[in-house]
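Dock chain to chain to rebuild the complex, using the hints, since each chain is given by itself in its own frame.
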Amino acid sequence: MSESLNEIIKIVSPNYFLDESPEIEKYSVDGKKPNLVALPNTLEEISEIIKIANRDSLAVVPWGGGTKIKLGNLPNKVDVVLCTNKLNQILEHEESDLVATTQCGISLKEFQKSLREKNQTLPIDPPHLEKGATIGGIIATNDSGPKRLRHGTVHGTMRELILGIKVIRPDGNIVKGGAKVVKSVAGYDLPKLFVGSLGTLGIIIEATFRLYPIPKFSQTYLVNFPRLQTAHETVLSILNSALTPTCLELVNLTLSDSISDKLNLDLKKGEFSLAVRLENVEKAVKSHVSKLRDIYSEKSSGSILLEGNSEERFWNEIREFPWIKTENNRTVCKSSVLITDIPKVLELLEELSRKLGAVIYASVRAGNGILIISIEGETSKLIEATASLRDLVGSLKGTILIQQAPQVLKSQIDVWGEIGSSLNIMKKLKSRFDPNSIMNPGRFVGGI
Amino acid sequence: MNTKPEIESTEWKNKFCGKLVQILSEEGVISSQDELIAYECDALTAYSIKPIFVVLPRSTKQVSEVIKLCNKENIPFVPRGAGTGLSGGALPTEEGIVITLARMNHILEIDIPNQRVVVEPGVVNLWVSDAINRNDYYYAPDPSSQSVCTIGGNVAENSGGVHCIKYGVTTNHILSLEVVLPDGEIVEFGGKTLDHPGYDLVGLFVGSEGLLGIVTKVTLRIIRKPEEIKTFLASFDRIEDAGASVSGITAKGIIPAGMEIMDYLCIQSVNKAVQAGYPENAKAILLVELDGPIDEIEAQMPLVMEVFNENRAKEIRIAKDTEERDLFWKGRKSAFAAMGRVSPDYYVQDGVIPRSKLAEVLGEIKNLSKKYGLRVANVFHAGDGNLHPLILYDSSKEEEAEKTEELAVDILKVCVDVGGSITGEHGVGYDKKKFISLMFDEKDLDTMNLIRCTFDPQGLCNPGKLFPTPRTCVEQGRKSYRVHPVEKAGLGEMY
Numbered sequence: 001m002s003e004s005l006n007e008i009i010k011i012v013s014p015n016y017f018l019d020e021s022p023e024i025e026k027y028s029v030d031g032k033k034p035n036l037v038a039l040p041n042t043l044e045e046i047s048e049i050i051k052i053a054n055r056d057s058l059a060v061v062p063w064g065g066g067t068k069i070k071l072g073n074l075p076n077k078v079d080v081v082l083c084t085n086k087l088n089q090i091l092e093h094e095e096s097d098l099v100a101t102t103q104c105g106i107s108l109k110e111f112q113k114s115l116r117e118k119n120q121t122l123p124i125d126p127p128h129l130e131k132g133a134t135i136g137g138i139i140a141t142n143d144s145g146p147k148r149l150r151h152g153t154v155h156g157t158m159r160e161l162i163l164g165i166k167v168i169r170p171d172g173n174i175v176k177g178g179a180k181v182v183k184s185v186a187g188y189d190l191p192k193l194f195v196g197s198l199g200t201l202g203i204i205i206e207a208t209f210r211l212y213p214i215p216k217f218s219q220t221y222l223v224n225f226p227r228l229q230t231a232h233e234t235v236l237s238i239l240n241s242a243l244t245p246t247c248l249e250l251v252n253l254t255l256s257d258s259i260s261d262k263l264n265l266d267l268k269k270g271e272f273s274l275a276v277r278l279e280n281v282e283k284a285v286k287s288h289v290s291k292l293r294d295i296y297s298e299k300s301s302g303s304i305l306l307e308g309n310s311e312e313r314f315w316n317e318i319r320e321f322p323w324i325k326t327e328n329n330r331t332v333c334k335s336s337v338l339i340t341d342i343p344k345v346l347e348l349l350e351e352l353s354r355k356l357g358a359v360i361y362a363s364v365r366a367g368n369g370i371l372i373i374s375i376e377g378e379t380s381k382l383i384e385a386t387a388s389l390r391d392l393v394g395s396l397k398g399t400i401l402i403q404q405a406p407q408v409l410k411s412q413i414d415v416w417g418e419i420g421s422s423l424n425i426m427k428k429l430k431s432r433f434d435p436n437s438i439m440n441p442g443r444f445v446g447g448i
Numbered sequence: 001m002n003t004k005p006e007i008e009s010t011e012w013k014n015k016f017c018g019k020l021v022q023i024l025s026e027e028g029v030i031s032s033q034d035e036l037i038a039y040e041c042d043a044l045t046a047y048s049i050k051p052i053f054v055v056l057p058r059s060t061k062q063v064s065e066v067i068k069l070c071n072k073e074n075i076p077f078v079p080r081g082a083g084t085g086l087s088g089g090a091l092p093t094e095e096g097i098v099i100t101l102a103r104m105n106h107i108l109e110i111d112i113p114n115q116r117v118v119v120e121p122g123v124v125n126l127w128v129s130d131a132i133n134r135n136d137y138y139y140a141p142d143p144s145s146q147s148v149c150t151i152g153g154n155v156a157e158n159s160g161g162v163h164c165i166k167y168g169v170t171t172n173h174i175l176s177l178e179v180v181l182p183d184g185e186i187v188e189f190g191g192k193t194l195d196h197p198g199y200d201l202v203g204l205f206v207g208s209e210g211l212l213g214i215v216t217k218v219t220l221r222i223i224r225k226p227e228e229i230k231t232f233l234a235s236f237d238r239i240e241d242a243g244a245s246v247s248g249i250t251a252k253g254i255i256p257a258g259m260e261i262m263d264y265l266c267i268q269s270v271n272k273a274v275q276a277g278y279p280e281n282a283k284a285i286l287l288v289e290l291d292g293p294i295d296e297i298e299a300q301m302p303l304v305m306e307v308f309n310e311n312r313a314k315e316i317r318i319a320k321d322t323e324e325r326d327l328f329w330k331g332r333k334s335a336f337a338a339m340g341r342v343s344p345d346y347y348v349q350d351g352v353i354p355r356s357k358l359a360e361v362l363g364e365i366k367n368l369s370k371k372y373g374l375r376v377a378n379v380f381h382a383g384d385g386n387l388h389p390l391i392l393y394d395s396s397k398e399e400e401a402e403k404t405e406e407l408a409v410d411i412l413k414v415c416v417d418v419g420g421s422i423t424g425e426h427g428v429g430y431d432k433k434k435f436i437s438l439m440f441d442e443k444d445l446d447t448m449n450l451i452r453c454t455f456d457p458q459g460l461c462n463p464g465k466l467f468p469t470p471r472t473c474v475e476q477g478r479k480s481y482r483v484h485p486v487e488k489a490g491l492g493e494m495y
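Chains as they are written, first to last, in the numbering used here: chain A, 1 to 448; chain B, 1 to 495.
Errors might be hidden in some of the hints.
[Said to hold, decoys possible] Covered stretches of chain A (chain B as the covering partner; in silico rule of three or more C-beta atoms under 8 Å from a C-beta of chain B):
1. 90 to 98
2. 103 to 110
3. 176 to 184
4. 194 to 202
5. 271 to 284
6. 364 to 374
7. 390 to 400
Please keep in mind that the hints were generated in silico from the structure rather than gathered at the bench. A virtual CB, placed ideally from N, CA and C, is assigned to each residue, including glycine.
This is chain B alone, in the form it adopts within the complex (with noise of 0.2 Å):
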């Protein structure tokens, strides 16, 4: 990017607020310092970067509109919903403004016999299941963060669950996008019916990270509840054995709902900080959910306790009631601010690695916490082999925070070494940009640029993220090639 001297001057910012005022009115632009702060980052608070501007829009013109602005004034623009990402994707850019779609959060349209609801993107998640729980059906995809988090964010980061092991990932239950192009066109993206010709937009933007475009509205398939469900905590003496008894359930044939895995650590501070009434000396725990026809969950309890006992289970409790359920996963869901009530600081990890090797990776995490003197808590998504390795550590000891960043990177390599991924659901963003390469070699990530320059040329919107290095675009149809200032810089390489 061009770096403009005028972008400093208090009368260019004057100017270029009163444009914005013009698109979005008064009540849509926030310029001043103070409320500033409040999106000088998301979730992840390590980084972080004051916007020259935040909007508020309301419309999908209004988004294409501020965005035309920003390609006219050559400024980049970073899309926000609820800020709960954890890997620095809201992050703003250095003399940027952030788009936030917080007030596009209608429920456009619910068509149950057709079982699709329509949304704007700042729809909170949970609203979705809300809206329809009386028709008895549901929208699948539950991250934890869910009675905060947007639509919007989930289709940008691809946010999965608890239950992602039956039910996919949100990519699985996004049949349309309209979405504003990163030069401020409209344009729709598959559509209310299933299989659309042409290349799979749907699918390429889903989990693009906000980075090629902003999504202004959301067709989600939806699904009938179950007709039972059924949920299972189990305790064991070793980790081990509670690893084992997933691949056990597996391969009796059954596709649990969901499978999660807490270890000691985090029995511990959830204990603590939810009362969620788990076994106080377990070493682990295995919560199993059983979804589906009565007849069918009635058939696999025998076969999950079986492979319960072949593990050793130390104590087995079934929730005899919804309550009794919440509880189980209340524990779970609030697993990572409980690691408040036991250290002053935590860092998420989010790694995915093939189930089968569960008890080596944990063999290794443990030898790492040894090696770099951080207590780490373990909490996963065993079904479908994503972990959340919490670290534990001190901000106010600088070695401390270093060695966490250290200790945390191993573990990735870990992930990757067993054929695993850096990320099951948090994204790659900012804080992860360095390590993509440990997955992807450089043609790899330049088929990446591919994409990213056919949406984005310009390299506008949320740039910064995701690539290792920035990575400017080759002008199409251009047969000389001539050097750009950011390449002679040395801050870039063509590809």
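Here chain A stands alone, though its shape is the one from the complex (with noise of 0.2 Å):
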């Protein structure tokens, strides 16, 4: 291996780190340092790594900003971790078009700086934000934030946002998929496929997207209930009403009282609070408000308004509240079921917590059926409680992914849980893409 590796080195020279460096350390995934780390400067310098991987059956682990590193099971080994960072460059952005091309080692932060200069958003609020999270990398994980709602569809995910791609395949060619424009059907759709893909497929080194203007004004109502059959009730009939907020978050009790703390907002203790994100032209975010009143002033047992910095900062601690702590004991998940169900889910919880003597944060995506849930306990407890969630979620048909939890309980479970009936066609594309299996192995879903 040592070989290979030399030849690696001489192609990065001198921007890499061996094992006995310090800096080795920080780029392990769950606990497995990698042999080298390799920070390229182009394209073809990572297309002919990847080659000198797939020839010797390396395993490469892709890196943009690693915020998301703790994502996926075990790794089968971790021999070469290839950094994305220096392709950070904006490629197009023709403002008219609402399109723009980028290189994937930007990190969203300076994406969308370099967006606003224009008024315009790629419209997305995944977590790690401030800690630099990429665009590859989001897109490899298909990450999102409560912003979710606007349209319908088409806003909140990489999956709807992306147009075009173009990545390093395992065997080292650079391809690509999709087009530049917002809207092609000319060929398979590459672009969706390696969404979510968590770099088991190749490389992500470009992505196109299609881009929003920036809403010109934003209001938060946050509004608390002393039940949660009320809340969601509340919920269901803003889904069901002209109004078009952006976000829905549905917060339980132990999350919200701790965000009132940490921002004194002066909540309702012990209260779910109902978070509902109103962005548009003024005049509509206000008349929306007086019909958002009529529709939840007799459940509620109070609200208030945020606007400007104060909702900034209510949004971030809504997106990164599982992220801020640096606890070890705990697991991050985030279950998926459809809306109707979010209540079971929230009450397990609150059972759980009573029962297990557990902290349980819970954030929801109310009008997408999308739960954030954090657990803090011992090791006993947190697999506990796991095991009830997933037993509940799948009774419910619905799907829960372990984020982040400690290396024990991760090497019990599978983290994706039961795929199903596609498993098999999902192991036979990776088999194709990757027969040597050197992208990422062992830590997508089935042992891909």
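Here it is as structure tokens:
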């Protein structure tokens, strides 16, 4: 192996770390240290490195900002960590087309900053913004945030926003798919295949996105509910009204209290809160606020209005709450269920919290059925809580993904859960693209 | 594919037909030559091939059994919805069968609180919105053929429509698919809930043009109707001004539900055909539809008017009621068919360009039209840059048909040269397979072939489409390599 590593070093020198370097520690994946960290400058360099890895069956872990490296099953092996953050140029942004193409090593924060100069945005708000989450990493994990409701569908996820892609295949070939226009059906939808593929099919180098104008005005209403049932009824009424919120977040008692304390919001203690974000022209936002009041007025126990900095800080907490804390003994899950099944999962969380004495924070994209859950407690409790959640969500035909967990828990379960009848074809796809299984081996679904 | 001499024998055919009847009963198999003619082509009538049989399954199980039989007998099969496709995607294969999903046409489940509808593939697009209309919900993708085309066909082609700029295309509205794979296995991709872990096989399958399997059940995402809809019709002396208005509107931060441009020839034709009442002397008209909350629309309306005026709009109409709105759209939606009023034949091109290149591309098309001496009517989804130039010709004049083909290709080249696509919504199919290389090099196509080979290593599912040359699949795990007969005969290459 050392010979292949030397070949790679020649390509990237002096931009690399070896295992004796103190830097190498922070590039370990679930405790497995790589033998080499390479920081190539160009896509041609990456292509050369991948060719060597493929020839000699080295395990390659693509690395953007490293913010979501704990996602996935324990790796089979980690030989080379390949950092993409030197490939960070925005290649095209034609504002009247509302389309931009960028290299994927750029951080979302930098990308948004540049788009903002032309009053445009990629309407997506996944966590780890300040820590440097990259476009490539967000594509590879299909990570998202609370902003998923606009126009019903096209906002909030890479899946819906990506138009074109350039990748380096596991055999080193540089290939593209999709197009640089907002509509194209020429060939298979390669961009979507790579969204959420966790780097197992190749290295994501460039992507083209559809953009949107930045909304003129934004306000968030934070409404308290003593009872879960009434909070959820309000969610259903809002969804079935003419209101068009961009975020609709149902926050459990523990998280609501914690955010209220942290930001001095003075929310009622021990109650659920519902955050409704309205982004539009000012007149529309204001008129919607009064319609919103009509919907919740009788059921709620109080509400506050957030705008400007306090609004941004609130949504920052919602986005980042599972990731701000540093303690190891916790599990972060993302569960997806039907909108009408949300209360069942939240009730179970309250029950588990009582029964196990675990601290459970939960925030729900109530218009999408996605729950972000953070459970803190001893490992045995984490295992029990995770198993109960899996049982319930499974019976509701939903999914649950364990985004972060102690290694001992990860060694006992598949973090992705059951995939169902499509796993076989996924495995076949992987072996067509990566017959030597060099890309992120073992970390994806079903041992891919 | 190996040509098997016994296929031609009547005895073999009778036997094979018998097996199909066993699976589908008599009513599910079409074998008479007269009836088979109806399935010779789709809406792209320039090509036609008669299939050996057509089957009309009523269940997923029947689809699977038919496909398993085809695998056993090495018979290619072509899936078909309503046959409204414009790229020859449902063109039968020589010595192959057609599997039409028309009888699997039930809406299986309507779940309003969870905003989902589950349908069989033969359900017509418009039926979905009709079924949920009273709940104030609708299904957003609305191709012009929506009163006939099926959801299964929409899935295969990733159909668009006139509201894609704001609401996306079919793929943005599909949550799960039940699929019969090309070997007959029944699998489910995605689910009723969002963000299924694993590869996005739903995303991969939608728009795969029937090459990766046959969809037998679809979960659609439905959305609530907007509170208000306002439709504008503005006429211009120059088509460039209509184009500039489109960019002007988005620059104001407005994403309309739809923006459509029609040129002079097109306006003349639809006025004759459907009495749309568009301004007679206009060189171009631009339809703009805003939808959303009333206050949002009220705030946007003066901005849109401002853009129209800045770009020298001659006449601006705002639909005062649903009836007038429908009339505005009727002209647009019947634009293709209306060409029959001004020309014996027409060819619909489908290309995409970046919005900012609209004026440049229209100029190029005008030049090409002059060069070939053929009239071109332009109608396009201006919001997303999807052009549908309609080339008018007379098929009884042989050289006109040929010139039409050349002109159509030249238009595609212009689209690709400015950074666009050879198809925005009609698909590559049979018609454009030669031109996919304008956008993708050999390695890109090789990557697509990896996908095809994953799903269909035998090459039986809708073969001869999408790829410019026949491609075989390397057997997995085989170290040594033998020359395939197809390759030996110079008919295909190994990738």
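Structure-based check of all given hints:
1. 90 to 98: holds (count 5)
2. 103 to 110: Our answer is that it is violated, as 0 residues pass the Cβ test (under 8 Å) against chain B, missing three.
3. 176 to 184: As far as the stretch 176 to 184 of chain A goes, the hint holds, because 8 residues have Cβ atoms under 8 Å from chain B.
4. 194 to 202: holds (count 4)
5. 271 to 284: n = 4 at 8 Å, threshold three: holds.
6. 364 to 374: Coverage by chain B holds for the stretch 364 to 374 of chain A (3 residues, Cβ < 8 Å).
7. 390 to 400: Check passed, 3 qualifying residues.
Of the numbered hints listed earlier, the single one contradicted by the structure is hint 2.
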